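Q: Each chain, written out:
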Amino acid sequence: ESILSQIRSFEYSQKNVVLVSTATLGVGGMLVYWLRSRHKIKTIEMGDGWWGSGERPLKGKEDESIRPFKIETSDKEIEDLHRRLEQARYTPPLEGAAFHYGFNSSYLQKVVAYWRNKFDWRKQVEVLNKYPHFQTTIEGIDIHFIHVKPSYVPHGRAVQPLLMVHGWPGSFYEFYKIIPLLTEPAAHGLNEGDVVFEVICPSIPGYGFSEAPHQKGFDTVATARIFHKLMNRLGFKEYYLQGGDWGSRITTNMAQMLPQSVKGLHLNLIFVNKQGLRRMISVMLGAYVPWLVGLSREDVRRMYPFIQKNIYELLRESGYLHIQATKPDTAGCGLNDSPVGLAAYILEKFSTWTDKSFLHQDDGGLESKYSLDELLTNVMIYWVTSSIVSSMRFYKENISKDPGLTADARVGVYVPTGIAAFPQEIVHTPHVWAKKIFKNIITYSYMPRGGHFAAFEEPKLLAQDIMHFVRKVEQL
Amino acid sequence: CSSSAGIMLLEVFLVLGTVIIYFLLSKKKEETLPFKEGWWGRGQKPDTEEDTTIWPFKVETTEEELSDLFRRLDQARFTEPLENSCFHYGTNSVYLRKVVSYWKNQFNWKKQVEVLNKYPQFKTKIQGIDIHFVHVKPPHLPEGQSAKPLLMVHGWPGSFYEFYKIIPLLTDPASHGLSDEHVFEVICPSIPGYGFSEAPHKKDFNSVSAASIFYELMLRLGFKEFYAQGGDWGWLICTNLAQIAPNHMKGLHLNLASVTKMGFIHLLSILLGRYLPGLFGFQDEDVRRMFPFLKKGLYRILLESGYAHIQATKPDTVGCGLNDSPVGLAAYILEKFSTWTDLEFRNLEDGGLGRKFDLDDLLTNIMIYWVSGSIVSSMRFYKENLQKGIGTQKHERLTVQVPTGIASFPNEVMHTPQAWAQKKYTNIVSFHFMPQGGHFAALEEPELLAEDILQFVGKVEKEQLWRKK
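Top to bottom, those sequences are chains A and B. Here our numbering is used: the first residue of the first sequence is 1, the next is one more, and so on. Here our numbering is used: the first residue of the second sequence is 1, the next is one more, and so on.
These aren't lab readings, by the way, just hints derived from the structure by calculation. Treat the numbers as computed from the prediction; the structure is a model and nothing was measured. Treat the hints loosely; a few may be bogus.
The list that follows gives simulated cross-link-like pairs (lysine-lysine, DSS-like), each with its CA atoms no further than 30 Å apart [as the list claims (entries may be wrong)]: (1) 296(B) - 216(A); (2) 110(A) - 356(A); (3) 110(B) - 309(A); (4) 149(A) - 130(A); (5) 459(B) - 388(B); (6) 296(B) - 110(B); (7) 224(B) - 296(B); (8) 98(B) - 216(A); (9) 137(B) - 356(A); (10) 76(A) - 98(B).
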């Protein structure tokens, strides 16, 4: 009050000085605040969690040891499997149905015959064990991962840590063909210069040999946090991430959570949520004047006819997603009890998501891109660990919430990002839409061939794109 | 002055024109649905005349069938539910274990087979496939009365067995404390692909195909006029039957009356119906059951329709494991008997299954799917009916002029108000809000349903409404 009365008693010119200086201070202050806040990137909160059974123990620190792990099997396990395969009951397909009604049971019988008589699970277990496996307890559950280091590092070459995350219905096994291309590129004719990786492939909790969460609410954000803790425990401060399917969303969350730890993020699938009026208009215009809305010719080729590819086909292929996001325990129950049912359910995806035209083939085109041994090994991982139900629960935990309200909905991704767009991926996301979320896209590649299971189907193409991306990031 | 007269004239013409166009268009909707010819047997249709004999059928079982079942029940692998999840993630496996234990140790399939066989069953070949049905005649008829034929059609995941409690109330009402003014002979067929009816071998077997086959069945049994009753798929099949053969159907009774053709008016009534119910013809009970619409309509449908989505797109995939694992089959089917009876049951650890149903009845229904190996073919019906989308088929645009009675049960997953139903069912004779009960009305509330059927038939017969179409 006294100050005000003092100011009031000032001369006119002095009042001016006060006014101007206050104004300058005010504007200057706002400018500084604005500049600083622009540099402060919005991140997802890390938070914490407990997924073990019962209450979280109050005392005692979590056991942080990293224990070597080996996959094992037994005669009992194999006999039980064989018995179930032998007693399988099939329903003959409709005449001319091919794969249009789902997995064709005539072809399924052939697969099961191979499974029963030729597939050698003991041999496949040895194949699985060729890379070092480990387990460690984080937030109350055992996390399984493989950790492959290059056997030989040329002098002066830096080894980049790379975390690769699988999805559904895949597993860590999907990366078995691409790992050697990344840890020993030169030995595989990939003389892409100077990039060499040590690869860590964890199993998402609830999948394969990672323990399933016992509590509700285990979503991609929790997974992201757990994987950050894993990398930290392994001694890494900065690392690269690669992912497709759920792995894409998990690694994206990781980049949104701790951008300072993520040197680069490489994705072979993007989830872009924000649909809105603007998106609809851009879709409609894109059919006639794609260049006006930032779509390339290849984008148009992959995305149009829009209703057919993005609505009709998506509806046709998303039944599994709908039931898993609402009733996972029901959907998975029979599959955990019938290996034939499990194989039909999982292998249907390896057919349709690899190439949409495989629907018209009586054998779903499965063996044109994959061997039965590798397909069945992936199925066996779900079978021997009884993890199909917990793998499906991941859909409910991540999808039932209102997409606009999730923690990651409004947070952008600022770490250097590389996108490999495969032509037979379920849904194509053009660069111009990806930019809305991924603010720092370093590479965006239209891959010449390949579908959803990129690492499994086209390991060399994917490895080359990863290395191309990482080289660019390292040069920055 | 002349200009205003001119404007008035224009207005009159516009109104007249609209009225004429409306009538022209609506006249189109009164066309009947054509009978759907078909041949669903294996391979090529033979040149010979179809065998039209009707032969008696009995459900049978063997020791081998039972020991195979027990072996599978013994080797079942369960996954522990999440803590405090009740039935929110689907069938709770802790409860499922109890069911399986009962199934193995107390459930007596041989005895249940005798229960199934207490009503006469038959089979006959129509359009290339064997059609199974139950045919129950009244044990005795009051003086001067004849039994009225009543076709009752089940749905998914039900079967002809759902009607076993209501059949006696309709064939012998007097012995059950009901008026015997009308006595029925009941025919409950199994939809092709369900239970003991052969599954079609060809693609494209939809509700109109089923209705056509059941129409032939009724004709073959010698019925020129009959009543039809249905819920779930039975609703749609009986509706199609009313559209194919309106002159043979005296009345149509439904315990589900979905509206698949939604228009602008429906949208408007969803937005404003809560505030201006009278404007849209909503009664208080309609508002109570339908609003808030997001919660009771849209979200509920999304939450509960995953099964329909996957069955309408990949039936052979989703059914495969269920035909191989009886426990998986039970989990899948029981979930519906829980949630569709009362949505609140999702909050219960046992899904409320023991409250409204006998475990013996539930397992008998499941066993029908199991012993006939029909789960996959039952699911294909969804694809054949829904694959082009909802609201796109010809019969969805046609109306029904047959006298209709609707019993609207409160716990049905989605409520259809009379205001919407009457756009399709133009001759609604009775529409009642039932006091209790859910989707499986015949099994859960047989008395309530029987009473409603009886009063509906009473109205139709008293005024001979079928003649006035």
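Q: Please go over all the hints and tell whether each is borne out by the structure.
A: Structure-based check of each hint:
1. 296(B) - 216(A): Measuring from Cα to Cα gives roughly 24 Å; hence the hint holds.
2. 110(A) - 356(A): Answer holds: residue 110(A) to residue 356(A) is near 22 Å, not above 30 Å.
3. 110(B) - 309(A): violated, 52 Å
4. 149(A) - 130(A): holds, 12 Å
5. 459(B) - 388(B): violated, 38 Å
6. 296(B) - 110(B): violated, 42 Å
7. 224(B) - 296(B): Not satisfied, since the Cα-Cα distance of roughly 42 Å exceeds 30 Å.
8. 98(B) - 216(A): holds, 23 Å
9. 137(B) - 356(A): Not satisfied, since the Cα-Cα distance of roughly 53 Å exceeds 30 Å.
10. 76(A) - 98(B): holds, 26 Å
Of the numbered hints stated above, those contradicted by the structure are hints 3, 5, 6, 7, 9, listed in ascending order.
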